[in-house]
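Chemist: Use the sequences and the hints to build the structure in full.
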Amino acid sequence: DVKVTQSSRYLVKRTGEKVFLECVQDMDHENMFWYRQDPGLGLRLIYFSYDVKMKEKGDIPEGYSVSREKKERFSLILESASTNQTSMYLCASSLPRQVETQYFGPGTRLLVL
Amino acid sequence: QKEVEQDPGPLSVPEGAIVSLNCTYSNSAFQYFMWYRQYSRKGPELLMYTYSSGNKEDGRFTAQVDKSSKYISLFIRDSQPSDSATYLCAMSPYNQGGKLIFGQGTELSVKP
Numbered sequence: 249d250v251k252v253t254q255s256s257r258y259l260v261k262r263t264g265e266k267v268f269l270e271c272v273q274d275m276d277h278e279n280m281f282w283y284r285q286d287p288g289l290g291l292r293l294i295y296f297s298y299d300v301k302m303k304e305k306g307d308i309p310e311g312y313s314v315s316r317e318k319k320e321r322f323s324l325i326l327e328s329a330s331t332n333q334t335s336m337y338l339c340a341s342s343l344p345r346q347v348e349t350q351y352f353g354p355g356t357r358l359l360v361l
Numbered sequence: 006q007k008e009v010e011q012d013p014g015p016l017s018v019p020e021g022a023i024v025s026l027n028c029t030y031s032n033s034a035f036q037y038f039m040w041y042r043q044y045s046r047k048g049p050e051l052l053m054y055t056y057s058s059g060n061k062e063d064g065r066f067t068a069q070v071d072k073s074s075k076y077i078s079l080f081i082r083d084s085q086p087s088d089s090a091t092y093l094c095a096m097s098p099y100n101q102g103g104k105l106i107f108g109q110g111t112e113l114s115v116k117p
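From first to last, the protein sequence lines are chains F and D. Plus 248 on top of the position in the first sequence (first one is 1) and you've got our numbering. Plus 5 on top of the position in the second sequence (first one is 1) and you've got our numbering.
Hints are computed from structural coordinates only; laboratory data are not their basis. Everything numeric in this text was worked out from a predicted model, so none of it was measured. Among these hints, one or two may not hold up.
In silico lysine-lysine, DSS-like type, Cα no more than 25 Å apart, as pairs [to be verified]:
(1) F:K301 to F:K318
(2) F:K266 to F:K318
(3) F:K305 to D:K104
(4) D:K104 to D:K116
(5) F:K251 to F:K303
(6) F:K303 to D:K72
(7) F:K266 to F:K319
(8) D:K61 to D:K75
(9) D:K47 to D:K104
(10) D:K116 to D:K75
(11) D:K7 to D:K75
(12) F:K301 to F:K319
(13) F:K319 to D:K104
(14) F:K318 to D:K104
(15) F:K318 to F:K251
(16) D:K47 to D:K75
(17) F:K251 to F:K319
(18) D:K47 to F:K319
(19) F:K251 to F:K301
(20) F:K261 to D:K47
(21) F:K319 to F:K305
(22) D:K116 to D:K72
(23) F:K318 to F:K303
(24) F:K251 to D:K47
(25) D:K104 to F:K251
(26) D:K104 to D:K7
(27) F:K303 to F:K319
(28) D:K7 to F:K301
(29) F:K305 to F:K318
(30) D:K7 to F:K305
Per the computed footprint, the stretches of chain D lying under chain F, defined by three or more beta-carbons under 8 Å from a beta-carbon of chain F, are [stated by the list, open to error]:
(31) 22–35
(32) 59–69
Here a beta-carbon is modelled for each residue, glycine too, at the ideal position from N, C-alpha and C.
Modeler: Here it is as structure tokens:
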């Protein structure tokens, strides 16, 4: 059974804090993605990675960075959290050249106060 | 204008009804079309996948793609309360296991 796990289901942080969101997949997928989901806006791509130590900006990378030191792990970092980063964060992974294999984790609900 | 438009609903139907969910898009390069289902407080899960135009059926679910009209649909027959969820359409112009463009999602409620 394919699995994408995220380190936390719910997080509450203060403005200005550095926040780490972790994602791990056990399917040996090359590609990994971070999205945020907001009401009325759907899923928007923040960053993605096609390989270890490789990263590419998505549609809304401002205020975020990522790290991929191992194939199975993709971390999203909020360098200095702000209230407009309150959102649902979803991690996904997929095989290359197979869009239909994009599997999602359960999501992390982040509240920045 | 967004690349993919989807009516957010909410849509409420009685059990047993036929449900039609739709998305329109503007990028004629899109070739891969997906429907995801997302239950409350869960991540999206792939429901249907279609390449290019045509229909695809899986049990009570039918996905249709009309590239000439830039319009895709998901039909749910004999809808059940367990179908209550948010349905997201997603598309991609090329198959690299890469970026997907999502619609806003339609919230569906099936009443017993």
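Chemist: Could you work out which earlier hints the structure fails to respect and list their numbers in ascending sequence?
Modeler: 4, 6, 10, 16, 22, 28, 31 and 32
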